[in-house]
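Participant: Chain D is already provided as a structure; the job is to place chain H on it using the hints.
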Amino acid sequence: MSWLPFLVDGLLLGSTLALGAVGLTLTYSILGFANFTHGDLITWGAYFVLSLLLAWTAATGGGLGRLGPLSFGWPFLAALAVAMILTGAVGLALDRVLFRPLQRHGAQIVLVIASFGASLALRYGLAFVYGPEPAYYTREIQLAAPVVPGLPAVRATPDQLFVLGLTAVLVVGLHLLLTRTTLGRAMRAVSENPALARMVGVDPLAVARWTWLLGGALAAVAGVFVGLTVQVRPWLGFDLLLPLFAATILGGVGSVYGAVLGGLLIGLAEAFAVPLVGAEYRAAVAFMVLLVVLLIRPRGILGTHE
Amino acid sequence: MIADLGAYLVFFLVVALYYALLCLGLNLQWGVTGLFNVGVAGFVAVGAYASALLTGPGSPDHWGGLELPVAVGWVGAAALAGVCALLVGAVTLRLRHDYLAIATFGVAVTIQLVALNFTKLTNGPFGIVQIPRPLAGWARTPVGRNVLYLGLVVLVVTAIYVGLERLVRSPWGRVLRGLREDEAAAAALGKSPARYRLEAFVLGAMVMGLAGAIYAHFIGFVAPEDFLPILTFQVWTMLVVGGSGSNRGALVGGILVWGLWSASGALVATLLPQAMQARGAALQVVLIGIALAAVLLCRPRGLLGEEAVVSRHVRT
Numbered sequence: 400m401s402w403l404p405f406l407v408d409g410l411l412l413g414s415t416l417a418l419g420a421v422g423l424t425l426t427y428s429i430l431g432f433a434n435f436t437h438g439d440l441i442t443w444g445a446y447f448v449l450s451l452l453l454a455w456t457a458a459t460g461g462g463l464g465r466l467g468p469l470s471f472g473w474p475f476l477a478a479l480a481v482a483m484i485l486t487g488a489v490g491l492a493l494d495r496v497l498f499r500p501l502q503r504h505g506a507q508i509v510l511v512i513a514s515f516g517a518s519l520a521l522r523y524g525l526a527f528v529y530g531p532e533p534a535y536y537t538r539e540i541q542l543a544a545p546v547v548p549g550l551p552a553v554r555a556t557p558d559q560l561f562v563l564g565l566t567a568v569l570v571v572g573l574h575l576l577l578t579r580t581t582l583g584r585a586m587r588a589v590s591e592n593p594a595l596a597r598m599v600g601v602d603p604l605a606v607a608r609w610t611w612l613l614g615g616a617l618a619a620v621a622g623v624f625v626g627l628t629v630q631v632r633p634w635l636g637f638d639l640l641l642p643l644f645a646a647t648i649l650g651g652v653g654s655v656y657g658a659v660l661g662g663l664l665i666g667l668a669e670a671f672a673v674p675l676v677g678a679e680y681r682a683a684v685a686f687m688v689l690l691v692v693l694l695i696r697p698r699g700i701l702g703t704h705e
Numbered sequence: 004m005i006a007d008l009g010a011y012l013v014f015f016l017v018v019a020l021y022y023a024l025l026c027l028g029l030n031l032q033w034g035v036t037g038l039f040n041v042g043v044a045g046f047v048a049v050g051a052y053a054s055a056l057l058t059g060p061g062s063p064d065h066w067g068g069l070e071l072p073v074a075v076g077w078v079g080a081a082a083l084a085g086v087c088a089l090l091v092g093a094v095t096l097r098l099r100h101d102y103l104a105i106a107t108f109g110v111a112v113t114i115q116l117v118a119l120n121f122t123k124l125t126n127g128p129f130g131i132v133q134i135p136r137p138l139a140g141w142a143r144t145p146v147g148r149n150v151l152y153l154g155l156v157v158l159v160v161t162a163i164y165v166g167l168e169r170l171v172r173s174p175w176g177r178v179l180r181g182l183r184e185d186e187a188a189a190a191a192l193g194k195s196p197a198r199y200r201l202e203a204f205v206l207g208a209m210v211m212g213l214a215g216a217i218y219a220h221f222i223g224f225v226a227p228e229d230f231l232p233i234l235t236f237q238v239w240t241m242l243v244v245g246g247s248g249s250n251r252g253a254l255v256g257g258i259l260v261w262g263l264w265s266a267s268g269a270l271v272a273t274l275l276p277q278a279m280q281a282r283g284a285a286l287q288v289v290l291i292g293i294a295l296a297a298v299l300l301c302r303p304r305g306l307l308g309e310e311a312v313v314s315r316h317v318r319t
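Keeping their order, the protein sequence lines are chains D and H. The opening residue of the first sequence carries number 400 in the numbering used here; numbering runs sequentially from there. The opening residue of the second sequence carries number 4 in the numbering used here; numbering runs sequentially from there.
Extracted from the complex, chain D is given alone in its bound form (with noise of 0.2 Å):
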């Protein structure tokens, strides 16, 4: 049972991948191109998170109050919608700018090079504004309690349980809109057949502008979850973009619910990785699941076409 305490990390980070992968496999299958600008999304979540906060204690003098056991209060959560808002909107503004005038001449391939230099001027941005230091939404420290009866090594602290819970809810919402609502249905139509989809009177653009919108504020509940539990830093969510890519192959390009399944095997996996590899070969445990994906099984689990 040695694999135990590597659980909660391994499902922090899963619950991570898997709001991030959700909104890259999204763009991935209805706009068409490898969103190398994802990962900085998640990271302008986590920034807009932490400004807002900055300007709430420096606009009322008081601190961010408590919601029982957890480390913050009220005002982080409206913050956080504030930011998934916000990022929304940055993935907007992306596209407004430079991938739709790009997707006009035709070339996907060009998007994807495009997305290169985005990520670079949105990273290097925050890393201008806020400097490289590392910052934290909040300075309290919380002990892990054991969660589970009966198994006392899986500890995890109320701020990591309030993470798992929340990807719970927000999956389920997932579910729920593509399910459930004439949105959802055109873009499950768009990302399985464009084309058929046209026919049938779905608005190519008015589904790519709602998946931005989406897709961006999964990311910034994803970046807020690694300032939540790590640490605010302006690579984080570049530092993410090679598990999110296995995980949305992994899961199957295209398939939402592939997603959430692929992030979390591939945060599960990483975790049980370190007893086995060490921590310093952590990252890599992502590209060997992407190595063996690719050659066995292109389309991923969940994967309808390759």
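These aren't lab readings, by the way, just hints derived from the structure by calculation. Beta carbons are placed, not taken as given, at the ideal position from N, Cα and C, and that holds for glycine. Any given hint could turn out to be false.
Stated by the list, open to error - Derived contacts from chain D toward chain H, CB cut-off under 7 Å, selection only:
(1) Ala433
(2) Val511
(3) Phe686
Facilitator: Chain H in isolation, oriented as in the chain D frame:
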């Protein structure tokens, strides 16, 4: 003052030619063949470390230190980068464009991890020091040694440029461009896409490995932070700015963008106070990113776009 400026110009040109060489390698892969390599920094690192370990003095901290001639180191650098590319390419070249990009990105991340953590081989974050400079005995002053080295690098880059120009215009090069434009048509003419792609990928990576060695022997020191992912994106920007598909564009892009980078760096160093220097460096990267996006939007061909190459048999 003039002497200082001249010394700086020599230093600048050696580094600019290092980037130009990287652009030539990437141009063969992406510009000519359409292979989406996002792992440039990884292949450069392999070449730099290979040559450093083959030629450097022994050290109790890490393996290597064979003290072989520098020429052997350079050949070894290109060879080892080529072997790495062969392994990576055999696995990934049959994938779609964007999967290849993601896979090569992963290769570079993994090589960076090895450079940082496999301390027995790479000495970890401390890097490898005292990498010998070729022709060092022929000049007495440091500037003289730099001038000599610049001469050597000019020779190497010229040789590789001429070689690549000939290759690109040869029947082999036509197959590569054919594969890039229409794989099915090229395959229908009996050309094996997998083989030609692998050849171009390996050859491009060998050029990158050699460039890494040239850098290592110039600076005399290599460490993992010399090969961060940003290096890959810098080289991509240089190639796109210069004109993807054109070897001349690759040379011009490498030298020009490095010039702009150095100039903006000097501007940051003189204008900003000491405490703001790190942030100023970040602003430089922001500008590189915006430049890449702007060139793609406004002038997708780059400064010197690809010229139409027609077989001389058809022309006459």
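Participant: Of the numbered hints stated earlier in the document, which are not met by this structure?
Facilitator: Of the numbered hints, all hold.
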